[in-house]
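This is what each chain is made of:
There are 2 protein chains.
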Amino acid sequence: MTVPNGRDAERGRPATRGEFAALARIARRLPAAPDGQVWIGDDAAVLGPVEGGLLFTTDMAVAGVHGDLGLMGLDDFGWRALTAAISDIAAMGGRAGHAVVAVAAPPTTDLDRLYDGLAASSLAHACPIVGGDLSGCGSVVVAVAAVGTAGPTGTEPGPVLRGGARPGDSLFVTGPLGASAAGLRLLRASVGAEAPAGDETTALVQAHRRPLARLDEGAVARRAGASAMIDVSDGLAADLGHLADASRVGVALDSVPTAPGATLDEALGGGEDYELVIATPEPDAMVRAFTAAGLRPPALIGHCVDDPSVRTVAGSPLPVVGWEHPFA
Amino acid sequence: MTVPNGRDAERGRPATRGEFAALARIARRLPAAPDGQVWIGDDAAVLGPVEGGLLFTTDMAVAGVHGDLGLMGLDDFGWRALTAAISDIAAMGGRAGHAVVAVAAPPTTDLDRLYDGLAASSLAHACPIVGGDLSGCGSVVVAVAAVGTAGPTGTEPGPVLRGGARPGDSLFVTGPLGASAAGLRLLRASVGAEAPAGDETTALVQAHRRPLARLDEGAVARRAGASAMIDVSDGLAADLGHLADASRVGVALDSVPTAPGATLDEALGGGEDYELVIATPEPDAMVRAFTAAGLRPPALIGHCVDDPSVRTVAGSPLPVVGWEHPFA
Numbered sequence: 001m002t003v004p005n006g007r008d009a010e011r012g013r014p015a016t017r018g019e020f021a022a023l024a025r026i027a028r029r030l031p032a033a034p035d036g037q038v039w040i041g042d043d044a045a046v047l048g049p050v051e052g053g054l055l056f057t058t059d060m061a062v063a064g065v066h067g068d069l070g071l072m073g074l075d076d077f078g079w080r081a082l083t084a085a086i087s088d089i090a091a092m093g094g095r096a097g098h099a100v101v102a103v104a105a106p107p108t109t110d111l112d113r114l115y116d117g118l119a120a121s122s123l124a125h126a127c128p129i130v131g132g133d134l135s136g137c138g139s140v141v142v143a144v145a146a147v148g149t150a151g152p153t154g155t156e157p158g159p160v161l162r163g164g165a166r167p168g169d170s171l172f173v174t175g176p177l178g179a180s181a182a183g184l185r186l187l188r189a190s191v192g193a194e195a196p197a198g199d200e201t202t203a204l205v206q207a208h209r210r211p212l213a214r215l216d217e218g219a220v221a222r223r224a225g226a227s228a229m230i231d232v233s234d235g236l237a238a239d240l241g242h243l244a245d246a247s248r249v250g251v252a253l254d255s256v257p258t259a260p261g262a263t264l265d266e267a268l269g270g271g272e273d274y275e276l277v278i279a280t281p282e283p284d285a286m287v288r289a290f291t292a293a294g295l296r297p298p299a300l301i302g303h304c305v306d307d308p309s310v311r312t313v314a315g316s317p318l319p320v321v322g323w324e325h326p327f328a
Numbered sequence: 001m002t003v004p005n006g007r008d009a010e011r012g013r014p015a016t017r018g019e020f021a022a023l024a025r026i027a028r029r030l031p032a033a034p035d036g037q038v039w040i041g042d043d044a045a046v047l048g049p050v051e052g053g054l055l056f057t058t059d060m061a062v063a064g065v066h067g068d069l070g071l072m073g074l075d076d077f078g079w080r081a082l083t084a085a086i087s088d089i090a091a092m093g094g095r096a097g098h099a100v101v102a103v104a105a106p107p108t109t110d111l112d113r114l115y116d117g118l119a120a121s122s123l124a125h126a127c128p129i130v131g132g133d134l135s136g137c138g139s140v141v142v143a144v145a146a147v148g149t150a151g152p153t154g155t156e157p158g159p160v161l162r163g164g165a166r167p168g169d170s171l172f173v174t175g176p177l178g179a180s181a182a183g184l185r186l187l188r189a190s191v192g193a194e195a196p197a198g199d200e201t202t203a204l205v206q207a208h209r210r211p212l213a214r215l216d217e218g219a220v221a222r223r224a225g226a227s228a229m230i231d232v233s234d235g236l237a238a239d240l241g242h243l244a245d246a247s248r249v250g251v252a253l254d255s256v257p258t259a260p261g262a263t264l265d266e267a268l269g270g271g272e273d274y275e276l277v278i279a280t281p282e283p284d285a286m287v288r289a290f291t292a293a294g295l296r297p298p299a300l301i302g303h304c305v306d307d308p309s310v311r312t313v314a315g316s317p318l319p320v321v322g323w324e325h326p327f328a
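Protein chains in written order, with my numbering: chain A, 1 to 328; chain B, 1 to 328.
No wet-lab data here; the hints were simulated from the structure. Incorrect hints may appear among the rest.
[Stated by the list, open to error] Stretch-level coverage of chain B by chain A, calculated; a stretch enters the list once three of its residues show a Cβ under 8 Å from a Cβ in chain A:
no.	segment
1	134-140
2	143-156
3	206-212
4	254-261
[Said to hold, decoys possible] Reference excerpt, derived from the structure (chain A facing chain B, CB under 7 Å, subset only):
no.	residue
5	L47
6	L54
7	V62
8	D88
9	G131
10	L264
11	F327
[To be verified] Non-contacting residues of chain B with respect to chain A, defined by C-beta distances greater than 12 Å in every case (computed):
no.	residue
12	G41
13	A285
14	V287
15	T291
16	T312
Computed from a predicted structure; not experimentally measured. C-beta atoms are modelled at their ideal positions from N, C-alpha and C, and glycine is treated no differently.
With the hints as constraints, model all of the structure from the sequences given.
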């Protein structure tokens, strides 16, 4: 029951239902804080000292806008929300630190399933959830904030911004694109039909439901002298545009690696792959650094040019696509 | 226009409407980052080094649940959302650092007015907004995350937790309670009638619409040896209960300072006053520290006792009131 502005909700002790019981249940599925730190349970989390500068970001997921709960579980929705915020840290070349998660949802929402996905992504990315908030709402909304670090410390360079690319810099992407968009297409096509099957299909659906942030790739790229970086969250064309705008350069792409089963349109316009786009004046050193770290070498997709109006792939204009929320 | 899961929203250049234009407009009303830092505009904000430990918290406000937009403006709603998160930092005895703000709202929402209030609270609390996210949604939801610091550094003690109170500790509150709840009552009574007037009424309405976090009070209390602390966000009875639960003590109150025009029920059960409750083994030193800092001395309201089942005011049981969101 939602009591707008009410201050009179009766509170039973010990509670087995309601916000405080749900919070206690959630806290039990999250890891405990190390000595000297305080995570869930106080007004604010208390974390350890931070070396170098602090990275700080937020990302919000709204059901029906950022994910269709008819095509994925609440656990997938939670996974995606946390991953999107961690990917922002990866795009700076950062190490993930900690996250806080605020959830607004209708009272009948299966919070346990939502937090299953949040906890799984948190574990996969080694980014503990250290605090949160919970509220009634007509929509399911998950707001994540994450902190991280990216130097500078000692000889290690600091965070990689969007705006550091220069004409002549090579452009890389850390992996093939379009998998998430293709997975969404397959899921939509399968509504009311048999569940999609096959290895390729499974991989695409997984890419849509459980994307991974490229933390290792981002950190290696930073140390190898990346001049600019961004994650592919809105679509390559859109995100490369953000990088080019910030760097005041043009971008000329030769080709774009496309995930098996995805179309070129999906590779250019589909977001949420969370691969990283990397600009660097030293392409050979970048490839060597990835190989030395045991990572798949990034794919060279083109280079930056002097004229900021140039936005091409194989000589043709990049499509003007990408996600934007409508506001007046 | 909301395009659920769409990746094909056309993006005009230069845009005067839509998410990116709104974000650009919002960025212009927020202060610029100092040299060496990056605030709005990259994947994550880049902040300076952190001395001692890091505080990290989140707080979410949902229209119709945390604030009635028929009784306050969107600017007030934004102010309250940011203030609630900053108050969590104050309740640890922390210095406010920086905040990120994620907003979900219907496309016709007056974002400028919402950000007016966010920016005003940010300025009032010296807590710059350094990043954000914006999404379409059926409800207005504002999720704030804030970082801060509270030592330990040098001779300065570290953050004050909820769980450090001991039997015999004195209990203080930083100011009279119930003003926000009384302001809400007056606003509700005035719907369809003349706007409430008079100095006392104005003060109560202002307390509801534009509460202040007690950052100075929290920091002074920490340095003066507070053993436990919490902010009054859910109501004194509820929040004092959280402190007592965490500290495994009972609480015996003598009296509770009530804001002029507020009732005792409002003082005990009304939340969102954001005054701080302070436990300390050295009450005289606490009062002297506040006076020396030029702050109004805190009011002694009672003390902690050994038996955790004791929760009384003037010998009678504290009412079981306070806000809790309904969840299964």
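Each hint, compared with the structure:
1. 134-140: holds (count 6)
2. 143-156: Held - the segment 143-156 of chain B has 6 residues with a Cβ nearer than 8 Å to chain A, which meets the minimum of three.
3. 206-212: violated (count 0)
4. 254-261: Result for this restraint: violated, n = 0.
5. L47: holds (4 Å)
6. L54: At 4 Å from the nearest chain B Cβ, L54/A passes the 7 Å test, so the hint holds.
7. V62: This interface hint holds because 5 Å falls under the 7 Å limit.
8. D88: It holds, given that the least Cβ distance between D88/A and chain B is near 4 Å, below 7 Å.
9. G131: holds (6 Å)
10. L264: violated (14 Å)
11. F327: Holds, because the Cβ-Cβ distance from F327/A to chain B comes to roughly 4 Å (cut-off 7 Å).
12. G41: violated (7 Å)
13. A285: Per Cβ check, A285/B is outside 12 Å of chain A; nearest 23 Å; holds.
14. V287: At about 23 Å from chain A, V287/B clears the 12 Å cut-off, so the statement holds.
15. T291: holds (25 Å)
16. T312: Label holds. Min Cβ-Cβ 16 Å, cutoff 12 Å.
Against the hints set out earlier in the document, violations occur for numbers 3, 4, 10, 12.
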